[in-house]
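Going down the list, the protein sequences come from chains X, D, L and R. In my numbering, each residue's number is its place in the first sequence (first place is 1) plus 4. In my numbering, each residue's number is its place in the second sequence (first place is 1) plus 4. In my numbering, each residue's number is its place in the third sequence (first place is 1) plus 4. In my numbering, each residue's number is its place in the fourth sequence (first place is 1) plus 4.
Simulated from the structure, these hints should not be mistaken for laboratory data. Take these hints with a grain of salt, some might be off.
The list treats identical chains as one, so a pair stands whether inside a single copy or across any two.
Claimed, not checked - Straight-line alpha carbon distances no greater than 27 Å define the calculated DSS-like cross-link-like pairs of lysine-lysine that follow:
#1 K185 x K224
#2 K102 x K336
#3 K336 x K25
#4 K211 x K102
#5 K336 x K24
#6 K164 x K285
#7 K165 x K125
#8 K125 x K185
#9 K224 x K211
#10 K78 x K185
#11 K102 x K224
#12 K32 x K125
#13 K285 x K102
#14 K211 x K185
#15 K29 x K75
#16 K125 x K224
#17 K185 x K24
#18 K285 x K24
#19 K165 x K24
#20 K285 x K29
#21 K29 x K211
#22 K164 x K32
#23 K25 x K285
Source: prediction; values computed, not measured.
Given next are the chains, with one letter for each unit.
Number of protein chains: 4
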Amino acid sequence: MDIIVLLPETSEEHIRHILKKLESKGLKANVSQGTERTIIGVIGDTSKVTEEEEDAIRAMSGVENVVRILKPYKLASREFRRTTTEIDLGGGVVIGGKKLQVMAGPCSVENRASLMLVAEKVRDAGATIFRGGAFKPRTSPYSFQGLGEEGLAYLAEARKKTGLPIVTELMDSRDLDVIMKYADIIQIGTRNMQNFRLLLEVGGVDKPVLLKRGLSATIKEWLMSAEYIMSRGNQRVMLCERGIRTFETATRNTLDLSAIPVLKQLTHLPVIVDPSHGVGKWDLVAPMAKAAVAAGADGLMIEVHANPEEALSDGEQSLRPEMFATLMRELKPIAAAVGREI
Amino acid sequence: MDIIVLLPETSEEHIRHILKKLESKGLKANVSQGTERTIIGVIGDTSKVTEEEEDAIRAMSGVENVVRILKPYKLASREFRRTTTEIDLGGGVVIGGKKLQVMAGPCSVENRASLMLVAEKVRDAGATIFRGGAFKPRTSPYSFQGLGEEGLAYLAEARKKTGLPIVTELMDSRDLDVIMKYADIIQIGTRNMQNFRLLLEVGGVDKPVLLKRGLSATIKEWLMSAEYIMSRGNQRVMLCERGIRTFETATRNTLDLSAIPVLKQLTHLPVIVDPSHGVGKWDLVAPMAKAAVAAGADGLMIEVHANPEEALSDGEQSLRPEMFATLMRELKPIAAAVGREI
Amino acid sequence: MDIIVLLPETSEEHIRHILKKLESKGLKANVSQGTERTIIGVIGDTSKVTEEEEDAIRAMSGVENVVRILKPYKLASREFRRTTTEIDLGGGVVIGGKKLQVMAGPCSVENRASLMLVAEKVRDAGATIFRGGAFKPRTSPYSFQGLGEEGLAYLAEARKKTGLPIVTELMDSRDLDVIMKYADIIQIGTRNMQNFRLLLEVGGVDKPVLLKRGLSATIKEWLMSAEYIMSRGNQRVMLCERGIRTFETATRNTLDLSAIPVLKQLTHLPVIVDPSHGVGKWDLVAPMAKAAVAAGADGLMIEVHANPEEALSDGEQSLRPEMFATLMRELKPIAAAVGREI
Amino acid sequence: MDIIVLLPETSEEHIRHILKKLESKGLKANVSQGTERTIIGVIGDTSKVTEEEEDAIRAMSGVENVVRILKPYKLASREFRRTTTEIDLGGGVVIGGKKLQVMAGPCSVENRASLMLVAEKVRDAGATIFRGGAFKPRTSPYSFQGLGEEGLAYLAEARKKTGLPIVTELMDSRDLDVIMKYADIIQIGTRNMQNFRLLLEVGGVDKPVLLKRGLSATIKEWLMSAEYIMSRGNQRVMLCERGIRTFETATRNTLDLSAIPVLKQLTHLPVIVDPSHGVGKWDLVAPMAKAAVAAGADGLMIEVHANPEEALSDGEQSLRPEMFATLMRELKPIAAAVGREI
């Protein structure tokens with residue numbers, strides 16, 4: 005149901021004009037005269053009323069405002085599906101279940117040797133999924149853009165060696181085939197959260213998708229992007245909070261941990277938190293990872309690099325393997341305290 | 005030149021380690037001991053030092069902070085090119101010259117008849133470029149996504165009829181060929197400002213590009229995205245301010261007009277302002293268009309629709325043709341007041 | 005009228021409980037059953053329903069959301085008073101009329117001699133009100149805090165010499181008496197926009213108040229602060245936009261010029277724009293001042309300092325007198341273009 | 005040490021002018037010529053260089069930018085005092101020690117009976133400090149403004165009954181004496197974080213101060229406000245994170261938990277978190293309280309109301325006593341996991 009608020013002194017004729025418009029869309033209306041305002045209650049499944057139709061109504065003479073009551077997303081909503089979606093990657097790795105899944109690894113794949121080393125170390129420390137970027141979104145055209153398929157091959161080799169499934173980013177629809185060949189989870193990065201054509205592409209494939217929150221995306225917009233993917237058939241979507249942009253400069257972004265309980269109310273999709281990008285400094289990663297688990301996250305994505313000082317990207321925010329191992333140990337009692345395992 | 009600020013009590017050994025690192029990148033260093041801090045001045049063309057190398061230095065023990073002195077963009081900078089870039093579309097339409105260029109038309113191409121009607125009306129009112137979207141980025145998968153090539157064909161027909169060059173949005177690299185066939189200016193939308201692969205694509209073609217500012221992009225990031233395009237050879241880039249996201253809800257976005265004089269200092273690229281998306285309400289468009297001209301914009305992009313109430317997108321923010329004609333008349337004395345024509 | 009949206013499957017008993025609560029506040033209700041939601045339309049003058057009562061209703065079991073239809077401010081609203089309030093300072097200086105009023109002067113009063121000099125120069129250039137701070141809000145306790153009453157005496161002397169009325173800031177209710185002795189307009193600064201006790205104080209005196217927008221205040225909150233002042237009897241309030249905080253760092257703040265036309269729709273109070281604080285750099289002040297006039301501002305507040313390099317505060321954002329004189333000349337045709345004088 | 009970056013092609017004369025200026029302030033300079041920029045390193049204790057002097061230098065011809073290396077606060081910095089400040093309220097309640105202190109109670113004092121009831125319940129549940137507002141900052145002049153001294157008297161009675169020390173807000177310097185009579189901790193609210201005169205007042209008294217973060221305050225500005233208080237002698241200051249303003253509307257504010265580890269690095273002052281105001285909804289309070297403890301907070305401030313539906317303020321964000329008791333139990337293992345007690 006939607007509410008149309010009319011301006012004071014709106015003529016009968018204008019009201020009739022609005023009602024005709026609603027009927028033309030198969031919607032019933034319920035006019036009620038208040039002491040200060042007249043409002044029109046729109047009856048029927050208004051979730052079918054698209055943004056542009058709503059804007060058009062808002063543009064009609066006599067209309068002060070249109071208030072949307074129903075959420076614009078359906079498939080992603082908790083009302084549509086009551087239980088949290090569980091995404092099974094095989095080998096006992098289930099995202100959205102009692103056990104938290106931890107995705108760890110370097111920001112970008114740099115060379116074979118160090119990748120294998122890190123993969124084994126994070127596996128030994130308890131990570132259940134291996135992360136690494138072969139295609140890197142960089143703000144500067146003069147920066148390292150990733151190894152491409154060569155990097156994907158190294159990731160596959162690391163999976164063979166460690167048994168850990170792989171999550172890696174897809175930046176361009178033309179890379180979908182090659183990513184499908186190697187990845188277990190397709191990551192859609194922050195800057196592509198509203199690359200709608202790309203969302204439709206991954207909506208059409210049979211692989212889980214990790215959808216990162218846009219730098220200034222509202223939770224509603226984020227869920228609409230998930231809806232894009234799901235509307236094409238792919239229901240295996242997980243959401244990853246990684247910090248939003250604010251005026252604060254002490255941290256690279258502001259990690260919005262309240263998004264976790266909010267998402268738990270609004271959607272059935274699993275929620276992952278990436279503290280590494282959220283804060284941008286390695287020494288803030290551990291406390292924020294603990295906080296994310298305490299707030300109810302279903303998993304974590306953490307950057308680990310054998311030698312952060314040599315990292316070709318995001319060195320500043322990477323943990324050394326031994327720090328990661330310590331963190332994993334420290335997370336256990338916190339997970340237990342909120343009825344989870346890690 | 006960059007500045008590396010060291011933590012108090014950093015050991016000689018750590019300092020030597022940092023200096024070695026700099027030498028390995030062919031950079032000279034200049035250590036100066038302050039009363040409270042020791043800093044290292046890095047000498048040489050540090051614009052070649054990539055983000056990740058900078059992050060890596062920032063991650064080294066003993067380093068408190070790294071302060072970048074040089075701008076990370078070169079080709080887009082005013083230092084690189086002193087005079088404003090003029091983009092000649094032929095037929096006397098030059099963007100970046102004394103005459104302001106006004107891009108007007110509907111948000112999206114809906115049907116042939118109304119498109120032709122609007123095209124003639126905006127041309128008669130003084131618009132010099134015709135705008136319309138055939139591929140539409142929509143936040144909902146259930147919304148109208150645009151007519152695709154059919155829409156482009158209508159735009160081409162409108163150009164034939166009115167003589168106005170066409171600006172239209174490219175959303176996906178796979179559409180580049182068809183867009184190249186029809187468009188005179190390729191628009192990169194807000195949500196794709198950091199779709200780096202798409203930026204490289206349009207950097208490789210011989211057509212002017214209108215680059216909209218991202219919803220939460222800093223001016224520096226925006227210029228880095230322009231640098232992406234220019235680094236591939238295409239120097240004909242114009243920047244379009246269309247509002248940034250803030251906490252204010254009375255307007256859809258907050259139109260950042262101070263970006264105009266700031267950009268005039270930092271870059272030689274022409275600056276266009278889109279007040280329609282910036283504010284999201286038709287009755288705020290005229291005052292903001294006037295303000296943009298007064299602040300020194302090189303052009304405007306304004307939504308005009310024959311019948312906003314029937315618009316399939318952004319009806320609320322579109323002007324009727326007669327309102328647009330009035331606005332164009334009212335803009336003349338303001339343009340004259342700042343030494344421009346319209 | 006307010007709208008209460010109920011959660012799906014809310015029991016009859018809960019609904020009765022909510023209706024009883026509304027009756028207890030003398031409000032009638034109108035329940036309408038939608039296909040997806042049941043909503044309660046609250047009839048009666050709900051502007052008397054305070055925030056906390058609304059929050060309490062929102063906290064009741066079964067309530068999904070409460071949507072406010074009426075604006076929470078009355079005295080400040082355009083509905084309450086259709087014509088723009090004109091504030092007459094005598095001597096032909098009327099704020100809110102056809103003629104724009106320009107408040108110019110140094111950020112803070114530093115010494116007698118330079119103050120007199122600047123006062124005469126801005127008067128000669130066309131300023132109609134003289135500004136200067138005697139009590140300065142500084143982010144550092146180690147910064148110059150202003151000359152206090154000595155500074156006010158200098159301002160009064162400048163008024164005597166130039167005939168220009170004085171606007172100066174009140175920071176603490178204990179200074180009200182001394183400010184009343186000297187000022188023609190009492191300025192409430194950005195950081196005190198929600199210093200509610202101070203607002204009530206100036207609401208009780210018979211002097212015009214210039215209310216600056218808070219650093220992150222919404223337009224609605226800003227108008228509520230005006231309502232505070234007006235609720236105590238003082239109707240002579242003017243609003244001053246001075247930039248809001250965003251993620252952008254190229255400017256000190258982001259001057260929100262769209263606030264001008266928005267305020268013109270919502271309120272009858274005059275709107276002043278302070279581009280000096282908004283952007284924080286003298287070379288951006290002129291273009292933004294022009295933009296503010298083009299957008300429909302009723303006046304400007306501009307920092308002018310005889311020698312910005314020696315300024316004890318905000319030197320960077322001050323214009324030299326000759327620059328100010330040039331700007332005043334350049335503003336004339338823009339004011340004329342929007343049907344105003346300056 | 006500060007860095008002055010010069011514009012390319014700055015004349016020798018301008019450089020000399022700048023150096024003279026620095027000498028006049030008793031500072032030494034160290035000019036170093038880079039390939040692309042010349043910079044001046046300022047030697048000496050530049051923390052004594054005030055904002056306005058820095059702005060004045062920035063305003064000098066030839067200066068491109070001034071980069072501040074030293075932090076503008078001293079007394080509040082971790083460099084000034086290595087160990088976390090412990091604030092002893094007596095009766096074994098120490099803020100900043102191993103044991104977390106929990107401040108609980110209603111947002112505002114409404115009536116004697118319910119206040120006594122809640123005080124006993126929160127004490128029994130493990131709260132160690134009782135909170136309640138007698139002077140309430142309300143965005144609407146038509147809202148309940150608090151009971152004033154009557155409310156303070158009730159709080160004192162609750163303290164007598166439960167033994168819990170009291171924290172309550174000071175809104176106006178004229179109320180300082182009466183607040184001193186009753187409060188154990190003086191709260192400075194979000195909207196007064198930069199009410200500098202009020203900060204100086206509480207800096208002059210011998211009572212601990214709880215300083216809430218401003219709605220859009222950076223961590224640096226927040227610490228500068230603490231510096232204001234400390235500069236007057238009062239060293240017993242604690243910082244309270246309560247959410248910052250962002251574009252997100254699903255929560256009232258965005259609780260910035262990364263501020264906890266950042267503050268732990270920058271300052272020795274204890275850090276309290278108020279999840280109730282941060283999120284604004286009671287059902288989000290528990291997860292965020294847990295997250296705050298996991299992130300390393302020294303204490304919590306939580307709203308508890310006997311009957312939230314009847315609350316005269318912030319009912320929506322209050323917990324019922326039994327929910328609070330459950331939360332306190334659930335916090336124990338999390339506190340233990342990070343080496344703390346609760």
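Each hint tested on the structure:
1. Within a single copy, K185 and K224 get their C-alpha atoms no closer than 32 Å, and across copies no closer than 37 Å, so neither meets the 27 Å cut-off.
2. For the identical chains of this complex, K102 and K336 are neighbours both inside a copy (13 Å) and across copies (21 Å), given an alpha-carbon limit of 27 Å.
3. For a Cα distance limit of 27 Å, the shortest separation of K336 from K25 qualifies neither inside one copy, at 58 Å, nor across copies, at 38 Å.
4. Taking identical chains as interchangeable, the C-alpha atoms of K211 and K102 lie at most 27 Å apart only when both belong to the same chain, with a minimum of 22 Å there against 47 Å between chains.
5. Taking the closest pair of Cα atoms, K336 and K24 never come within 27 Å of each other, the shortest separation being 61 Å inside a single copy and 40 Å across copies.
6. With identical chains, the CA atoms of K164 and K285 are never at most 27 Å apart, being 31 Å at best within one copy and 47 Å at best between copies.
7. Taking the closest pair of Cα atoms, K165 and K125 come within 27 Å of each other only inside a single copy of the chain (12 Å); across copies the shortest separation is 57 Å, beyond that limit.
8. Proximity of K125 and K185 under a CA criterion of 27 Å is satisfied intra-copy only: 25 Å inside one chain copy versus 52 Å between copies.
9. Taking identical chains as interchangeable, the C-alpha atoms of K224 and K211 lie at most 27 Å apart only when both belong to the same chain, with a minimum of 24 Å there against 36 Å between chains.
10. Taking the shortest Cα distances, K78 and K185 never come within 27 Å of each other, neither inside one copy (31 Å) nor across copies (38 Å).
11. In this assembly of identical chains, K102 and K224 lie within 27 Å of each other by CA distance solely inside one copy; the values are 26 Å within and 40 Å between copies.
12. Proximity of K32 to K125 under the C-alpha cut-off of 27 Å is found in neither arrangement, the shortest distances being 62 Å within a copy and 37 Å between copies.
13. For the identical chains of this complex, K285 and K102 are inter-copy neighbours only, at 26 Å across copies versus 29 Å inside a copy, given an alpha-carbon limit of 27 Å.
14. Taking the closest pair of Cα atoms, K211 and K185 come within 27 Å of each other only inside a single copy of the chain (11 Å); across copies the shortest separation is 35 Å, beyond that limit.
15. Taking CA atoms no more than 27 Å apart as the test, K29 paired with K75 passes inside one copy only; the shortest distance there is 19 Å, against 30 Å between copies.
16. Taking identical chains as interchangeable, the C-alpha atoms of K125 and K224 are never at most 27 Å apart, the minima being 38 Å within one chain and 38 Å between chains.
17. Taking the shortest Cα distances, K185 and K24 never come within 27 Å of each other, neither inside one copy (53 Å) nor across copies (42 Å).
18. In the homo-oligomer, the alpha carbons of K285 and K24 lie at most 27 Å apart only across protomers (23 Å), although the nearest pairing inside one protomer, at 58 Å, exceeds that limit.
19. Taking the closest pair of Cα atoms, K165 and K24 never come within 27 Å of each other, the shortest separation being 66 Å inside a single copy and 35 Å across copies.
20. In the homo-oligomer, the alpha carbons of K285 and K29 lie at most 27 Å apart only across protomers (24 Å), although the nearest pairing inside one protomer, at 52 Å, exceeds that limit.
21. Taking the closest pair of Cα atoms, K29 and K211 never come within 27 Å of each other, the shortest separation being 37 Å inside a single copy and 42 Å across copies.
22. Proximity of K164 to K32 under the C-alpha cut-off of 27 Å is found in neither arrangement, the shortest distances being 59 Å within a copy and 44 Å between copies.
23. In the homo-oligomer, the alpha carbons of K25 and K285 lie at most 27 Å apart only across protomers (21 Å), although the nearest pairing inside one protomer, at 54 Å, exceeds that limit.
Hint violations for this structure: numbers 1, 3, 5, 6, 10, 12, 16, 17, 19, 21, 22, all remaining hints satisfied.
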